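Student: The listed protein sequences derive, respectively, from chains E and L. Note that this note's numbering has the first sequence beginning at 1, numbered continuously upward. Note that this note's numbering has the second sequence beginning at 1001, numbered continuously upward.
Everything labelled a hint here was simulated from the structure, so no lab data went into it. Among the hints, erroneous ones may be present.
Unchecked claim - Just so you have them, the derived chain L footprint on chain E, three or more residues with Cβ under 8 Å:
1) 161–175
2) 247–261
3) 309–322
4) 344–354
5) 358–368
6) 556–565
As the list claims (entries may be wrong) - Here are the computed distance ranges between Cβ atoms for each label pair:
7) E:Asn-111 to L:Gly-1020: 40 to 48 Å
8) L:Arg-1133 to E:Val-346: 34 to 42 Å
9) E:Leu-544 to L:Asp-1170: 37 to 45 Å
10) L:Asn-1166 to E:Lys-575: 49 to 57 Å
What the hints assert, rightly or not - Examples of chain L residues lying across from chain E (beta carbon under 10 Å, computed):
11) Tyr-1044
12) Ala-1116
13) Thr-1118
14) Leu-1167
Quick caveat, the model's predicted, so the values are computed rather than measured. For every residue, glycine included, the Cβ atom is placed at its ideal position computed from N, Cα and C.
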Amino acid sequence: MEKKLLSGNEAIARGAYEANASVATGYPGTPSTEILENISKFYGDKIYCEWAPNEKVAFETAAGATTTGARAITTMKLVGLNVAADPLMTLAYTGVAGGFIAVVADDPGMNSSQNEQDTRLFAHFAKVPVLEPADSQEAKEFVKIGFEISEQFGTPVILRTTTTTSHSRSVVELGAPIELNRPHSFKKDPQRFVPIPAFARGMRVRLEERVEKLAKAASISSLNRIEWNTNGDKRVGIVTSGAAYQYVKEVFPEANILKLGWCYPFPDELFLEFADQVERVFVIEELEDFMERRFKELGVATVGKRLGNEKLVPKYGPLDVDVLRDVKRKLAENEATKAYFVAPNVTKSDAKLPEIPTLPNRPPVLCPGCPHRGFFYALSKFDVVVSGDIGCYTLGVAPPLNCMDTVLCMGGGFTVAHGMDCAKNDRPVVGIVGDSTFFHSGMTGLMDVVYNKGKSTLVVLDNRITAMTGHQENPGTGKTILGEETFAASVSEIAKAMGCKNVVEINPRYLDETTKALKTAIESDEPWLIVAKEPCPLAYRKKLEKNYRVNQEKCKKCGGCLKIGCPAIERAADKTVSVNESLCVDCGLCAQVCKFNALEEVDLAAAKGGLV
Amino acid sequence: MNAQTNTKESTSVVLVGVGGQGILLASAIIAQAALTTGYDVKTYEVHGMAQRGGSVLAQVRYGEKVYSPLIPKHEASVLASLERTEALRYVDYLAPHGLAVVSDQVIVPVTVSSGAATYPEMDETALKTYFPRLVYVSAVERALELGNARAANVILLGALSTKLDNLADDAWQKAIQTCVKPKFVDLNLQAFYLGRELAKNA
Ligand SMILES: Cc1ncc(C[n+]2csc(CCOP(=O)(O)OP(=O)(O)O)c2C)c(N)n1
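Hey, can you work out the whole structure from these sequences and the hints?
Tutor: Quick look at the structure:
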């Protein structure tokens, strides 16, 4: 069979195809986004795919599909499962008729997330199996095996990846899709599918029985294996899972390893079998001490997050080879464990390098021409509290705009603002969400404000796309994930239908109209919804005919244009300001803030001598 | 050597630069060349959150068997940078006697243009103090001479390939043909061999 280098996310997409899944749903979120993008791109003709407005909707749609006997998969990032927690908790009770997998991508190190929650604990809470692939080949296989576990035990299954497993590429052997040929036919069975208390109590009992059966199955599953070393030395046994396995293999090649791909329901029998055969058990897991606690409950002494009174394996942040080498060094130095380990030997250069100069940071910034910039610049002139949300526009928090005071979670932009107003905050409050965020969970907040006679100034930064996660379609863009035309929901119309009387659409590239709308809204005692509508220039590229240059004769080097924080405007050491022509996309914001009219729009064809 | 036999057997390459410079294509070509040669391969990419202007880091490891896709410190045979000072951020990754390949292109970050930070003075001589084995290339200029500034990444790739002698010429050619759009194959092959030449002279 063909071998390919695939990312973990691409491999999961391939797994969905090889497992003959019928339905795939999701909501974007790093590091999970490429799974559904790849399913739609390569298998969109075979698997029904959709971006849902949020994770709860995506989860429920997949759950519905599976009641017919179909195989369904839903994808999200770690915090997405918080949004989908309600259906998860009860789907565990009702169980599933077909196969159901929720892929949840964790983000140790918070590369692009607002928290670092460990999804394995969620699986425990919901009493559903969690699978943890360690590379792309496993990512693909675990989708197939996950569906089998799901169907055999009638349970939803969580496939948990991390940023490293989702985004690293490794070699995958492709397989042929299996044939299922089953009818998709819902069979009426209220005792099973309707959790009214009378029936739910029965489900509750069956859930516990299922967890016990799953624990037994996990103990003998091929997803979990013991790798004995070749020299027969049984003193050290390391328990690990997921990406951490790779680092353990590299740093502790002499150890015996219990490698878990299916760590919950806890395979107690396997845990005890391993512990019995080795002298000391070490647990090396990324994030929480999930497995380690279980060993303790089983009465097995372990070394893991702690070594005596010292901290050992970090409880937060990503693991890697360097981190584990530190761990090994500590083990080799500690009285209690030094008999078992030799400190790792890293060959560094002896040459003493001169000190490295301080390098300028390259923080993520709003792109040149980003419509969010104009809005924030206008907003920065008001004395208000800004309740923000998650998206590209969160970058408005950075200098020089400094325009975001709180962020909680998706949808929180409106509701947190409303809460401040309810508490009669001494300054006006502005609540901000993006378009995708509005459809995700901002809408209900708007409804709350209107219904409960709030007075917040609410803003939707409608750049016509889900930008932050790499430009996915959403209910407002008029296109499905497959690029088919569909109804484009209008933020303004939705707001009016909710009873919001004051709705205004503005273009945030124009400072005057933005400022005017903000002033009216902030001074009003009624709720206002401002829709700042202008497409993301990266998602909707235009052929550039003009851009801006600094007329050095007019420029007074005051630095006023730098206050918009545009990456295309550069200042030299002598304070001369210039526009980087290769970056400027002709948005014209700089020209509006320059008091000396020094920023001039130039015709590109003319500038090149009319040759273009 | 005790515990690290596994790592020693694999070859590691770190590529750095700024979003949009073509780092990911360069890493894909290395990975493909290693794959056709029959090696186990792993790669990992870190993108900044922004589409443009953020730091980009790509890592490629290949060998008989590769475990961690993330390269440990002091183990990269090659550190290549498409931007003049970005390599300094990752100097820790380079193994003793490792090769640094650096393009002289400067990309000024917003923190500098806004006046919040300064861009360090840096030239070939200064870089040599950090990277005793350095190939310093005017990659963008050279690529323009070939007719397309975007080939700068593959010039750098050619230069760094001189250090990866476990990948044969044939594997590189095939990899370029696989990873690049057909109409750009010739340009990229030219760029690749130009890079090799430049590294030989260095
Ligand atoms: C519950 C949850 N799901 C997904 C994400 C990932 N995420 C972060 S920003 C974002 C999209 C924001 O899009 P939009 O509101 O349109 O703003 P834009 O980035 O376009 O400015 C998503 C999906 C998240 N942080 N939380």
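Student: Cut-off 8 Å, C-beta pairs, minimum 3 residues; does the coverage of the stretch 161–175 of chain E by chain L stand?
Tutor: With 6 residues close enough to chain L, the hint holds.
Student: Counting residues of the stretch 309–322 of chain E with a beta carbon closer than 8 Å to any beta carbon of chain L, are there 3 or more?
Tutor: holds (count 3)
Student: Holds or violated: the stretch 358–368 of chain E covered by chain L, criterion of 3 or more residues with Cβ-Cβ distance under 8 Å?
Tutor: holds (count 11)
Student: Would you say the C-beta atoms of Asn-111 of chain E and Gly-1020 of chain L sit inside 40 to 48 Å of each other?
Tutor: For Asn-111 of chain E and Gly-1020 of chain L the Cβ distance comes to about 19 Å; the hint is violated.
Student: For the hint on Thr-1118 of chain L, just tell me whether its beta-carbon gets within less than 10 Å of chain E.
Tutor: 7 Å, holds
Student: With chain E as the partner, please determine if Tyr-1044 of chain L meets the hint condition of a C-beta pair closer than 10 Å.
Tutor: 4 Å, holds
Student: Determine whether the Cβ-Cβ distance between Asn-1166 of chain L and Lys-575 of chain E falls within the hinted range of 49 to 57 Å.
Tutor: Holds: the Cβ-Cβ distance is about 51 Å, inside 49 to 57 Å.
Student: Does the hinted range 34 to 42 Å hold for Arg-1133 of chain L and Val-346 of chain E at CB?
Tutor: About 19 Å separates the Cβ atoms of Arg-1133 of chain L and Val-346 of chain E, which means 34 to 42 Å is violated.
Student: Leu-1167 of chain L was flagged as interface toward chain E. Is the shortest Cβ-Cβ separation under 10 Å?
Tutor: 15 Å, violated
Student: Would you say the stretch 344–354 of chain E counts as covered by chain L, given the rule of at least 3 residues with C-beta under 8 Å?
Tutor: holds (count 10)
Student: Given a hinted range of 37 to 45 Å, is it respected by the beta-carbon distance of Leu-544 of chain E and Asp-1170 of chain L?
Tutor: Taking Cβ atoms as reference, Leu-544 of chain E and Asp-1170 of chain L lie about 42 Å apart, which means the hint holds.
Student: For the stretch 247–261 of chain E, count the residues whose Cβ lies under 8 Å from any Cβ of chain L; is that count three or more?
Tutor: As far as the stretch 247–261 of chain E goes, the hint holds, because 7 residues have Cβ atoms under 8 Å from chain L.
The structure fails hints 7, 8 and 14 (numbered hints given earlier, in ascending order).
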